[in-house]
Amino acid sequence: MAFHARPRQALAIAGAIGLALSAAACGTGSSDNSSGNNNAGSAECAPYEKYQGHDGKKVGIYSSIRDIEADRLDQSWKQFEECTGIDITHEGSGEFEAQLPVRADGGNAPDIAFIPQPGLLQRFAERGQLKPASAETKAMAEENYPADWLKYSTVDGTFYGAPLGSNVKSFVWYSPKMFQEKGWTVPETWDDLIKLSDTIADSGIKPWCAGIESGDATGWPATDWIEDVLLRTQTPEVYDQWTTHEIPFNDPRIADALDRAGTILKNEKYVNGGFGGVRSIATTAFQEAGVPITQGKCALHRQASFYANQWPENTKVAEDGDVFAFYFPAIDPARGKPVLGGGEFVAVFNDRPEVQAVQTYLASGEYANSRAKIGDWVSANNKLDLANVANPIDKLSVEILQDENSVFRFDGSDLMPAAVGAGTFWKGMVDWINGKDTAAVLQGIEGSWK
Amino acid sequence: MNFDFAAQSPKFMMLLWGLVAFAVVIGGLLVLLDAVPAFFARRREAQLVAASASGAPLPARTKPREGLFALFFLLPTVLLLLIGLVVPAIRTTLLSFMDGSSQNWVGLDNYRWMFAEDAIERVLLNTLIWVVLVPLVATTMGLLYSVLVDKARLEVVAKSLIFMPMAISFVGASIIWRFVYAYRGEDQEQIGLLNQIVVSLGGEPRQWLLDSPLNTLLLIVIMVWIQAGFAMVVLSAAIKAIPADIVEAARLDGVSPWQMFWQITLPSIRPALIVVVVTISIATLKVFDIVRTTTNGNYDTSVIANEMYNQAFRYGQNGQGSALAVFLFVLVIPIVIFQIRNLRRQRREG
Numbered sequence: 000m001a002f003h004a005r006p007r008q009a010l011a012i013a014g015a016i017g018l019a020l021s022a023a024a025c026g027t028g029s030s031d032n033s034s035g036n037n038n039a040g041s042a043e044c045a046p047y048e049k050y051q052g053h054d055g056k057k058v059g060i061y062s063s064i065r066d067i068e069a070d071r072l073d074q075s076w077k078q079f080e081e082c083t084g085i086d087i088t089h090e091g092s093g094e095f096e097a098q099l100p101v102r103a104d105g106g107n108a109p110d111i112a113f114i115p116q117p118g119l120l121q122r123f124a125e126r127g128q129l130k131p132a133s134a135e136t137k138a139m140a141e142e143n144y145p146a147d148w149l150k151y152s153t154v155d156g157t158f159y160g161a162p163l164g165s166n167v168k169s170f171v172w173y174s175p176k177m178f179q180e181k182g183w184t185v186p187e188t189w190d191d192l193i194k195l196s197d198t199i200a201d202s203g204i205k206p207w208c209a210g211i212e213s214g215d216a217t218g219w220p221a222t223d224w225i226e227d228v229l230l231r232t233q234t235p236e237v238y239d240q241w242t243t244h245e246i247p248f249n250d251p252r253i254a255d256a257l258d259r260a261g262t263i264l265k266n267e268k269y270v271n272g273g274f275g276g277v278r279s280i281a282t283t284a285f286q287e288a289g290v291p292i293t294q295g296k297c298a299l300h301r302q303a304s305f306y307a308n309q310w311p312e313n314t315k316v317a318e319d320g321d322v323f324a325f326y327f328p329a330i331d332p333a334r335g336k337p338v339l340g341g342g343e344f345v346a347v348f349n350d351r352p353e354v355q356a357v358q359t360y361l362a363s364g365e366y367a368n369s370r371a372k373i374g375d376w377v378s379a380n381n382k383l384d385l386a387n388v389a390n391p392i393d394k395l396s397v398e399i400l401q402d403e404n405s406v407f408r409f410d411g412s413d414l415m416p417a418a419v420g421a422g423t424f425w426k427g428m429v430d431w432i433n434g435k436d437t438a439a440v441l442q443g444i445e446g447s448w449k
Numbered sequence: 000m001n002f003d004f005a006a007q008s009p010k011f012m013m014l015l016w017g018l019v020a021f022a023v024v025i026g027g028l029l030v031l032l033d034a035v036p037a038f039f040a041r042r043r044e045a046q047l048v049a050a051s052a053s054g055a056p057l058p059a060r061t062k063p064r065e066g067l068f069a070l071f072f073l074l075p076t077v078l079l080l081l082i083g084l085v086v087p088a089i090r091t092t093l094l095s096f097m098d099g100s101s102q103n104w105v106g107l108d109n110y111r112w113m114f115a116e117d118a119i120e121r122v123l124l125n126t127l128i129w130v131v132l133v134p135l136v137a138t139t140m141g142l143l144y145s146v147l148v149d150k151a152r153l154e155v156v157a158k159s160l161i162f163m164p165m166a167i168s169f170v171g172a173s174i175i176w177r178f179v180y181a182y183r184g185e186d187q188e189q190i191g192l193l194n195q196i197v198v199s200l201g202g203e204p205r206q207w208l209l210d211s212p213l214n215t216l217l218l219i220v221i222m223v224w225i226q227a228g229f230a231m232v233v234l235s236a237a238i239k240a241i242p243a244d245i246v247e248a249a250r251l252d253g254v255s256p257w258q259m260f261w262q263i264t265l266p267s268i269r270p271a272l273i274v275v276v277v278t279i280s281i282a283t284l285k286v287f288d289i290v291r292t293t294t295n296g297n298y299d300t301s302v303i304a305n306e307m308y309n310q311a312f313r314y315g316q317n318g319q320g321s322a323l324a325v326f327l328f329v330l331v332i333p334i335v336i337f338q339i340r341n342l343r344r345q346r347r348e349g
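Residue numbers (numbering that gives the first Met the number 0), protein chains in the order written: chain A, 0 to 449; chain B, 0 to 349.
Fair warning: there could be bad hints in the mix.
Ranges between beta-carbon positions, derived for each pair [what the hints assert, rightly or not]: (1) B:85 - A:262: 53 to 63 Å; (2) B:131 - A:235: 49 to 59 Å; (3) B:159 - A:294: 42 to 52 Å; (4) A:92 - B:103: 26 to 36 Å; (5) A:71 - B:4: 20 to 30 Å; (6) A:80 - B:27: 33 to 43 Å; (7) A:266 - B:269: 57 to 67 Å; (8) B:261 - A:266: 27 to 37 Å; (9) B:178 - A:293: 19 to 29 Å.
List time: in silico DSSO-like cross-link candidates among lysine-lysine, alpha-carbon distance up to 27 Å [stated by the list, open to error]: (10) A:315 - A:372; (11) A:382 - A:394; (12) B:10 - A:57; (13) B:10 - A:56; (14) A:265 - A:394; (15) B:239 - A:77; (16) A:336 - A:194; (17) A:49 - A:382; (18) B:239 - B:150.
Treat the hints as calculated values from the structure; they're not laboratory data.
Beta carbons are placed, not taken as given, at the ideal position from N, Cα and C, and that holds for glycine.
So here's chain A without its partners, still in its complex pose:
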């Protein structure tokens, strides 16, 4: 065996350069975070006084929010960061629901996570991975949010964090222009809605557009349909019993709601404008599902408030514009206005003082208004000033959330254990659209709930 000196030297040099570089990188890295320049004394920092004392500390947030929405988040707490010296880093992931348990189990949990599923939040709470919210956060949340919202992040009597953003799902998107041209009017009751659908169908247009394809979350838009209909055919109490499994998943009342949704979704006369037959709902991406409205190929699309972001560019979202949404009508308006919605909750895995300060701040009215001013945002926070909400559909959502007559209920599939709510329920809906009958689908889901 012969060993040449030259390659060895080269390698040694490479190693030495590497070491030198790493030392240099180390130097710049550490000088970065020691310089906490905050102007805590100035007037615009007055609202942040109670969060002081954590200068130079870092707080990491993990969520499923990405792209523009994530940029807006960063912007929304900028003032807070400047005034308190707390450095908030946000990381959004499309694999949030699958990765968060991996990170939490692996001892690498984020400081804060925005969890949109109370069922998932409950799982972390039960395993002792979540830290209970501080007394300040609890007081702030109780002051700013309706009691039923706080219920969703309370597990066994312990409160784990305030809600943040919200969305209202009980909307039907339509084209005000098309309605005006054809002389159709916005329906006030379920019967009106069916009558309108028949009128549209008779005019040769498929009245409804629908799509439930959403990558590995395929099926969720259909679960919203069922939940919205169930809230209209039954009392909110029955809904609660269903989401907590006090009544079986295949209870006749649930089957009834499914069949009623089926009178629209599984009606070849009604669907699926521009896409094909009933089964095309299963393979149509939910983002694209409503777009045929802008081409006059269908007239109605039931989807949440956040669908406002899905329209093609230059589509005017307004009451007199290209598209707008009306409230998904109640069957018996005398029984109040049931509203289905969703939202995320600010849960804490590491309860360092600066993390708790951020958690408290995110529950405050200042934060809600600061975020709303940047645009496209809805919250159930009652300190939220309607004047700060620009987008007309967001305004309508906030009005509905703040309406005393509204009976709000959280998205049922998000409340259920993930194995059902994000598993067999989604899959069941796909099978149901694909032709499987109601009883068999519900039976299958019931069997998976342990």
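Mind docking chain B on chain A? Use the hints.
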């Protein structure tokens, strides 16, 4: 889209760090790998020089030191294997006897669930269809192709055409094929190749991926498309390695091409054939990307690996996910044993 380099500087810093760490670790390892044997060599040289100078008998090469030397190289590998494979395998097996939150022992419940649940039965059946069809079809196609193009004109071009899908990741291939199977309404323009063909022949567009078991077969096509190239390359090399005198002798004996294939080619490439079938079988048992990308296991297309991922990571059912993983492991074992015995026999014969 504006890209602000200054604003992204933390990311670049991170990137630089990664590069530096890479250079340090790899550079360090290479130096170490170079320096340690060199040190031993130099010492031996010095001993030899000292021994020859003093006239003493040359020291014998000591065995234990070589063992130590081997250990030095083996240790990192063994350690990494232990951390990365053995420990997780043991842990997964333990988890498969626990409940969804990995806190309470439940005995064989997860395995009972696996064989009782209708949906999982379907998953097991699908996996069986995959593991029977893919190795069979992919190997057959690869074999046929390599025999047909052997010594043909433009052999290289023909071979690279079928080999190219190998270079595409499973996810990439699945996305390509999802477009092939794509569906648009009757009055819309078709964007899927298959439906466009159907439409231009006067048929109605179909939603290919919705009907079971046709959809599983269509997904298998993707896997075959990827793996046939691999089979073709290995088998083609084996065919070219058949000693020319055997082929010539057979020709002189006047065999037909048919006899040539069954009596000369096939027996000669048997070892390569087994390697190909075994490799593809193991790859097929683990198939996950194709199913997840195309249908995500909907419409009765799920397979074990996909279901395992969903149960453990999405539904929070660690126990059930682990049970599926262990079952998958058990399924692979006989194939691996077969392969090892085969290798041993070949070594004895060779």
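Taking the hints in turn, this is what the structure says about them:
no. : hint                      : result
1   : B:85 - A:262: 53 to 63 Å  : holds, 57 Å
2   : B:131 - A:235: 49 to 59 Å : holds, 52 Å
3   : B:159 - A:294: 42 to 52 Å : holds, 44 Å
4   : A:92 - B:103: 26 to 36 Å  : holds, 30 Å
5   : A:71 - B:4: 20 to 30 Å    : holds, 22 Å
6   : A:80 - B:27: 33 to 43 Å   : holds, 39 Å
7   : A:266 - B:269: 57 to 67 Å : holds, 60 Å
8   : B:261 - A:266: 27 to 37 Å : violated, 60 Å
9   : B:178 - A:293: 19 to 29 Å : holds, 24 Å
10  : A:315 - A:372             : holds, 20 Å
11  : A:382 - A:394             : holds, 14 Å
12  : B:10 - A:57               : holds, 17 Å
13  : B:10 - A:56               : holds, 19 Å
14  : A:265 - A:394             : violated, 32 Å
15  : B:239 - A:77              : violated, 68 Å
16  : A:336 - A:194             : holds, 20 Å
17  : A:49 - A:382              : holds, 18 Å
18  : B:239 - B:150             : holds, 9 Å
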